[in-house]
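J.: Below, each chain spelled out in residue letters.
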Amino acid sequence: MKQFKGRVVTPGTCEARAVVSHGGFNTLASLQKALQFGDKTAKVSDQNNPDLFGKPIAGKALCLPKTIGSTTGGMVLYCACEMNRNPKCMLFSERIDSLACAGSVLASVWSKNPMVVIDELGDEFLDYVRDDMLIRISEDGTVSVE
Amino acid sequence: MKLTKEQEAILNGEKGETLAKVMKTLVMYGEAFGADKMVEVTSKYNHLVTSFGLGVMDPIYELMDTLLKEGAVSGQKFTVDPRPLDKNVPSSLLQNLVFKVFMYNKQEFYEKQLKELGLLEEDAFTCTCYMSEVGNTPEKGDVLSWSESSAVVYANSVLGARCNRNSGIIDLMGSIVGYVPYFGLLTDEGRKADWIVRVKTTKKPEAQLLGSAIGMKVMEDVPYVYGLNEWLGEELNDEACTYLKDFGAATASNGAVGLYHIDKLTPEAREAGEKLIRKGAKEYIIDDAELQRVYDSYPVVWKDKNAKPKLCFMGCPHMSLQQLKDWTERIEENLKKYGNSQVQIPTVFTAAPAVIRQFKETEYYPRLEKTGIILSYICPLMYMNNPLCGKMPVITSSNKLRTYTTSRYYTDDEITMQLCKGGL
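Which chain is which? The protein sequence lines are X and G, in order. Letter by letter, the first sequence follows residues 0 to 145 of numbering that gives the first Met the number 0. Letter by letter, the second sequence follows residues 0 to 423 of numbering that gives the first Met the number 0.
Calculated from the structure, these hints are not laboratory results.
Once the Cα atoms are required to be at most 30 angstroms apart in a straight line, the calculated DSSO-like pairs of lysine-lysine come out as:
1. Lys-278(G) / Lys-216(G)
2. Lys-304(G) / Lys-32(X)
3. Lys-302(G) / Lys-420(G)
4. Lys-14(G) / Lys-111(X)
5. Lys-139(G) / Lys-191(G)
6. Lys-309(G) / Lys-32(X)
7. Lys-105(G) / Lys-390(G)
8. Lys-20(G) / Lys-87(X)
9. Lys-54(X) / Lys-304(G)
10. Lys-43(G) / Lys-105(G)
11. Lys-87(X) / Lys-42(X)
12. Lys-4(X) / Lys-36(G)
13. Lys-36(G) / Lys-1(G)
14. Lys-42(X) / Lys-304(G)
15. Lys-87(X) / Lys-23(G)
16. Lys-32(X) / Lys-111(G)
17. Lys-359(G) / Lys-324(G)
18. Lys-4(X) / Lys-216(G)
19. Lys-281(G) / Lys-263(G)
20. Lys-14(G) / Lys-4(G)
21. Lys-87(X) / Lys-54(X)
22. Lys-32(X) / Lys-216(G)
23. Lys-105(G) / Lys-111(X)
24. Lys-307(G) / Lys-32(X)
25. Lys-86(G) / Lys-76(G)
If you want the footprint, here are the derived chain G segments under chain X, 3+ residues with CB under 8 angstroms:
26. 19-28
27. 164-174
28. 400-406
None of the values given here were measured: they were computed from a predicted structure. Using N, Cα and C, we set each Cβ at its ideal position, and we do this for glycine too.
So that you can see chain X by itself, here it is in the shape it has in the complex (with noise of 0.2 angstroms):
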């Protein structure tokens, strides 16, 4: 088990299965189709993405260095939490992007089921970290990965 210190961006303490993403995640792409056709466990639909083109991240860990792509990014996280087919957390290497910080935020403002997320990890946390290992996130933005 390993442990890394990160900044809280939303709180909140949450466990689950990491899902990692070594290239940015594109919002809009990955998450467009679990959307607009009832995919609840939310399959990445991003042909661009090897490592989560095809996988569920409804209720996981997401590991990644930020998101990319179109400035709908934040609404579509929102609506992924309203519609619950969202990641349980969004665990960052780097500092969060203006995007993915919107979704967060307004998910955590004026959604019934925000999100926990956490920024500055870095480098080292998404070298580490693999798709299905457990990950416990504290309320002071500590993660645990085992």
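Given chain X, put chain G in place with the hints provided.
T.: Only chain G this time, still in chain X's reference frame:
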């Protein structure tokens, strides 16, 4: 974050619970990036992305309804991203059923909400709101609360306005309270370049391919690009602006670029030059081989990779007036060259309603019609999101459309061959 008395009062609920939540959203959003204050939105109009009338985006309509009920409407009139449907664009009965029953069944409701919130005009639906025909063109230095990645990167880079890559809904909230948090691309420091890009190609690089290469390399960083002025000149004329529109959209969708500087061409690069480059900036050299490597890296996700294309989309982002004229001539010349009278693949050119209106008044419109090309105002991305359309072999010169859908990217020369000759 240090707020003014007025901002503090809104946050404390003196203007109602809903406005307090709007302010809280903006404050939390800004604090995540170390913003120490809110600054006034100074542009005349806003530009929004919202939900394209998608039935499954109910949470967004509910949120917009909450805002409307509390009178939390936009302080500015706004333009908004394109409509998703147009009966002139080819689609089958089944595809239409999916469009109207399962996908965009909230379009009418959503447009009613937009009008109540402050839509600029009945047909103010385009991703290229900054074009003069549309009239939402911010001034240099204006602070914006826009979203739409291709419009934000254009406004920052080509017009010298200041805007972060805001998400949908955050854009609207900034306009409702009239303030946005001061961080990132609003600040002088945030507009400095982290990358030096040197373009060393032997011919003018395809805008959409060059933008894709840079976007994938620098992600959300700011690039300072040398060498492109050799191909574009040193004046922001129609041709250069059209090129930068397509280039920027590709940097923003294939990466997350919100601002680029082109040496000797874009306004801040012309003013400050190398002073815009951060110490220790990384370097990326782009030559013919690098562009070919990027082109070859695009996955082709068609079931039959050799299928004959059934549809071609041009205009993501929407085409400019000059682009429509240039492509009319290009298609005419090449149809003649290959001995055909009409395009060999059903083809749709997309542009802003206001641009289409002006184009229809030119001598080029009947000429374009004669080639068989359809002119529409839709968002091709919203068309391709229909799973029945996604299964079709569709080609495009848009790297944004390629990124978000199953469509296959070809260069402008290849698209011309496909359309006029009927294959490569």
